[in-house]
Amino acid sequence: MSALRPEENAPARIAEAVLLVVALALGMGGMWMVGYSLEDGLPEGFWTYSIVLAALAFTTHIVLRLRAPYADQVILPAVVLLNSVSMAMVLRLDLSPLDMMVGANAPRHIMWSAIGILLACAIIFVIRDHRSLRRLTYTAMIVGIVLVVLPLVPGLGREINGAQIWIFIGPFSLQPAEFAKIAFAVFFAGYLVANRDTLALAGKKFLGLQLPRLRDLGPILIVWAVSLAVLIGEKDLGTSLLFFGLFVGMLYLATDRVGWIVIGLTMFAAGAVVAWSIFSHVQARVDVWLDPLNPDLYDREFGSSYQIVQGLFGMAHGGMFGAGWGEGYSDRVPFAYSDFIYAALGEELGLTGLLAILLIYLVIVQRGLRHAVGVRDGFGKLLAGGLAFVMALQLFVVVGGITRIIPLTGLTLPFIAQGGSSLLANWIVIALLLRISDAARRPSALPTRGALADPAPAMGGGDAIEVGGAGPVQAGTEAGAGRGTTPDEATQIVRGVDR
Amino acid sequence: MSELTFTLLRLGYLVLLWVFVLSAVAVLRRDLAGPRTSSSRRRRPELAGPTPTPTPGGGAPRAPQRGGPSRLVVVAGPLTGTTIPLTSSGVLIGRAPSCTLVLDDDYSSSRHARIFPQGGQWFVEDLGSTNGTYIGEERVQGIIPLAPGVGVQIGQSVVELQG
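For the record, the sequence lines run as chains A and B. So for the first sequence, the working numbering puts the first residue at 1; every next one is plus one. So for the second sequence, the working numbering puts the first residue at 1; every next one is plus one.
The hints are simulated quantities; they were obtained by calculation from the structure and are not laboratory data. C-beta atoms are modelled at their ideal positions from N, C-alpha and C, and glycine is treated no differently. Check before you lean on any hint, since a few could be wrong.
Estimated spans, in silico, between C-beta atoms of each pair [to be verified]:
#: 1; chain 1: A; residue 1: ARG128; chain 2: B; residue 2: SER70; range: 32 to 40 Å
#: 2; chain 1: A; residue 1: PHE313; chain 2: B; residue 2: ALA26; range: 32 to 40 Å
#: 3; chain 1: B; residue 1: GLY81; chain 2: A; residue 2: ASP256; range: 25 to 33 Å
Start from the sequences, fold in the hints, and give me the full structure.
What follows is the structure in structure tokens.
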């Protein structure tokens with residue numbers, strides 16, 4: 001293994017470096033404008049924040065050059081942009097004199113960002129091949145379930161704002177569900193890559209849908225139970241939706257059977273209706289969603305629509321081009337620095353800025369799905385696809401909640417919302433996506449195997465990391481019922497010939 | 001700071017934000033456009049050992065050379081008439097389900113032989129098969145060049161490159 005030697009002919013990653021400079025300039029520009037609009041001078045800590053962000057961003061860039069030279073060049077700048085724009089926003093809310101904004105804490109935000117970026121670097125440095133995670137399939141399942149259950153443990157968890165999703169260790173609070181998301185993605189990828197043939201092919205056909213066998217439903221029932229437990233025990237609608245959506249999405253990725261989506265949506269709808277009819281807090285959320293401007297709902301003490309209405313007013317004030325950094329009233333929205341940071345950005349950057357930010361998320365998700373298509377092993381495909389999908393789903397749940405497309409739930413906007421767990425977990429996701437993208441874009445070893453200069457037949461095949469389109473080495477270890485796990489282009493070519 | 005300066009800065013910020021988005025998209029366009037044309041791909045193999053992998057899913061990559069053979073045809077044996085379009089990653093022939101051309105033939109090995117392009121020329125390589133790969137009467141040893149129209153015997157089948 002070429003440990004620290006950058007591989008020959010590896011891309012120089014110029015595009016990444018240039019985009020990083022622009023991203024950091026946007027973050028610094030935001031902080032600068034915040035300072036001049038609120039305090040008529042550079043905000044306190046401007047240089048610290050800028051230098052920490054720039055140094056860590058370029059550290060990651062160098063780590064990628066050394067350890068994952070073929071990794072995607074757009075993902076890192078996009079994420080750095082989101083993180084530095086969020087730095088500017090949190091700083092802006094931190095400078096607000098309102099009591100409501102005491103929770104906004106820029107120094108703590110930069111600290112968690114730094115830890116997140118360093119963690120991502122460490123993961124890229126240590127994990128050389130994403131397939132080593134496959135060995136952790138069932139460990140990941142147990143870790144995921146433990147993380148989900150932790151907030152319910154008396155003494156560790158505490159109920160805040162109606163949801164019991166935090167654990168408290170010393171001065172720090174964590175939302176373990178954010179990390180459980182990654183553990184579950186690893187578990188589902190490992191589980192599905194081993195079982196997808198049974199899940200896809202066994203079972204009866206009904207109304208044109210391939211229904212799975214009852215006994216194959218076991219795992220999906222377990223996950224359904226876990227997400228219901230989250231919903232009931234921790235009163236957290238968003239996380240519950242996230243886990244279940246992740247599993248159904250990955251099942252569909254693995255099996256290509258629409259039947260699973262139908263079953264999944266039916267089960268979730270049933271669970272949601274039951275939860276709605278039993279729990280008053282779910283009912284309150286739905287009422288607020290349907291009719292936020294009703295004075296009774298706006299004025300009531302618990303579960304009022306105050307927050308969502310303030311968020312809507314803020315975004316309306318922002319209009320097309322925004323009020324400008326520091327010029328809006330985004331500090332009047334409760335939790336504008338965490339759950340409602342999207343509304344705050346909407347007020348200060350306007351629809352134009354929000355659309356740019358949504359497009360950046362779209363780019364990240366598209367890269368994840370693209371590398372899921374490109375990577376050659378089934379586990380990597382499912383993991384990249386699942387992680388990209390769960391980020392898109394989370395974005396939909398958050399933005400949909402704030403803009404009143406769906407009932408509001410308590411999820412965080414990845415990389416933008418203030419909060420340690422969310423930042424750490426999403427930087428881990430990015431590290432995994434970068435690692436998989438490196439495997440996906442690395443030139444295959446197969447075409448060089450027969451190179452005239454070195455006709456050793458076993459070269460490349462023994463390494464088994466890169467297998468060309470046909471994937472003959474993988475087929476030995478991962479083949480399901482007579483079918484290679486990678487739906488390789490080879491079979492597709494032959495199928496195309498048959499027609 | 002005057003009102004005007006601030007407005008200009010505010011709009012300039014949004015412009016820069018979109019510049020970032022559009023340049024990110026421009027970087028992506030490279031692989032949205034699919035595999036590159038043959039001329040730009042041919043240059044690389046001479047410089048570097050590894051040829052860039054054709055991106056799976058981005059459409060079937062074409063043969064590495066214009067004017068060279070474009071398909072592999074089975075001309076004798078149970079699969080006579082089967083045609084496989086040639087790609088720059090070559091064709092793997094054998095009984096294993098992962099092969100490009102899967103033979104149901106007791107006389108062939110699971111990974112029997114490989115036909116692949118290198119520097120504008122096509123080669124055939126026997127992958128240590130039990131019964132051997134033959135061109136005419138001659139057993140293929142190691143890697144030898146393969147011209148279009150020359151039959152390669154693998155088990156009961158004969159394949160050849162065609163333009």
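Legend entry - Unmet hints by their number, sorted upward, for this structure: Checked against the structure, no hint fails, so every one of them is satisfied.
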